[in-house]
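Residue numbers (numbering that gives the first Met the number 0), protein chains in the order written: chain P, 0 to 209; chain U, 0 to 125.
Worth flagging that the hints you see were computed from the coordinates, not collected in a lab. One or more of the hints may lead you astray.
Calculated from the model, a selection of chain U residues having no Cβ within reach of chain P, i.e. all distances over 12 Å [as the list claims (entries may be wrong)]:
#1 Asp-20
#2 Trp-28
#3 Thr-36
#4 Arg-42
#5 Ala-61
#6 Pro-67
#7 His-97
#8 Arg-100
Listed next, the stretches of chain U that the computed footprint assigns to chain P, with coverage defined by at least 3 CB atoms under 8 Å from CB atoms of chain P [to be verified]:
#9 76-84
#10 103-109
Residues from chain U that face chain P, not an exhaustive set, calculated with beta carbons under 8 Å [as the list claims (entries may be wrong)]:
#11 Met-6
#12 Val-12
#13 Ile-15
#14 Pro-22
#15 Ala-34
Don't be surprised by glycine CBs; every beta carbon is placed ideally from N, CA and C.
So the chains spell out like this:
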Amino acid sequence: MAHDHDHSHDHHHDHEHSELSETQLRVRALETVLTEKGYVDPAALDAIVEAYETKIGPRNGARVVAKAWTDPAFKQALLDDASAAIGTLGHVARVGDHLIAVENTPQRHNMVVCTLCSCYPWEMLGLPPVWYKASPYRSRAVKDPRGVLNDFGVTLPKDTEIRVWDSTAETRFLVLPMRPAGTEGWSEERLAEIVTRDSMIGTGLPKAVP
Amino acid sequence: MTNATAMQAASAVPGIPQDDDGPVFREPWEAQAFAMTLALYDRGLFTWSEWAAALADEIKRAQAAGDPDTGETYYSHWLAALERMVAEKGVATAQTLHRTRDAWDHACDRTPHGQPIELRASDFHD
């Protein structure tokens with residue numbers, strides 16, 4: 000488990016606590032009041048938001064991964080400081096500070112768990128999947144990551160270490176999956192199409208190469 | 000119904016950021032604010048022309064206060080218009096909203112990282 004966050008930033012935030020932005024607080028307040036008064040149904044609101052699942056945030060993760068696969072200098076920069084590296088891609092929207100890219104290798108597979116606050120890199124991945132927000136995923140991922148991966152249909156070699164990263168409100172993780180064999184010479188655009196959301200959370204692998 | 004309502008909104012309310020398929024959002028909370036507005040419209044709380052006027056009013060107010068008007072703040076105005084609309088229609092006062100916002104802030108502070116943030120009655124008592 001990694002807990003080596005940077006404590007030096009100037010956010011008035013006790014690290015052990017959850018955090019919502021001012022705007023998120025106001026949105027939650029509205030939802031609470033409208034629900035209490037019977038004007039909205041939270042399940043119906045969720046359904047509306049989920050209908051826009053693919054329309055929220057820039058969802059640039061796949062492009063970033065594809066670029067890292069094809070451009071060794073960018074890959075190094077990404078692993079050194081993901082926020083800064085992604086910031087150099089002019090056409091890609093900004094991401095929050097403290098985004099850390101963790102690289103899968105034959106020796107080590109990375110998997111990210113998160114919480115229900117703001118620590119999901121939605122700028123890269125879009126909306127979190129429902130299972131990701133569920134407490135069973137979080138608790139099991141820490142105790143039995145290999146079992147969770149099996150549930151997702153991912154079987155790794157026995158000697159591959161599985162490392163679970165615990166996101167925080169300020170430190171978020173992006174898994175850099177291994178580039179599949181058989182993709183030599185592919186363009187970034189073509190590579191981006193096989194990079195799935197789950198492969199960047201670490202609960203999946205890139206799509207199989209046909 | 001959702002999609003039909005959203006398409007109606009997108010054509011009746013100026014400025015909603017969209018692509019070829021309909022509305023797009025920069026952040027999850029924007030979609031939540033949009034969803035609440037659709038739900039209230041479906042309940043008949045306001046018409047789209049009323050909503051467009053309330054939003055335009057909010058944008059004018061923000062511009063007068065120096066909003067750069069780059070489009071990035073569109074849903075901030077949307078949220079402000081929604082709070083105002085809810086108050087004007089007698090659904091909830093600004094004070095109630097503010098109190099609930101403070102309660103969420105309190106709930107956040109006492110919730111250890113990694114736990115779901117849930118509101119309790121005691122969050123209102125500070």
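Task: Hint numbers not upheld by this structure, sorted from lowest to highest - done: Of the numbered hints given earlier, those the structure breaks are 1, 2, 3, 4, 7, 8, 11, 12 and 13, listed in rising order.
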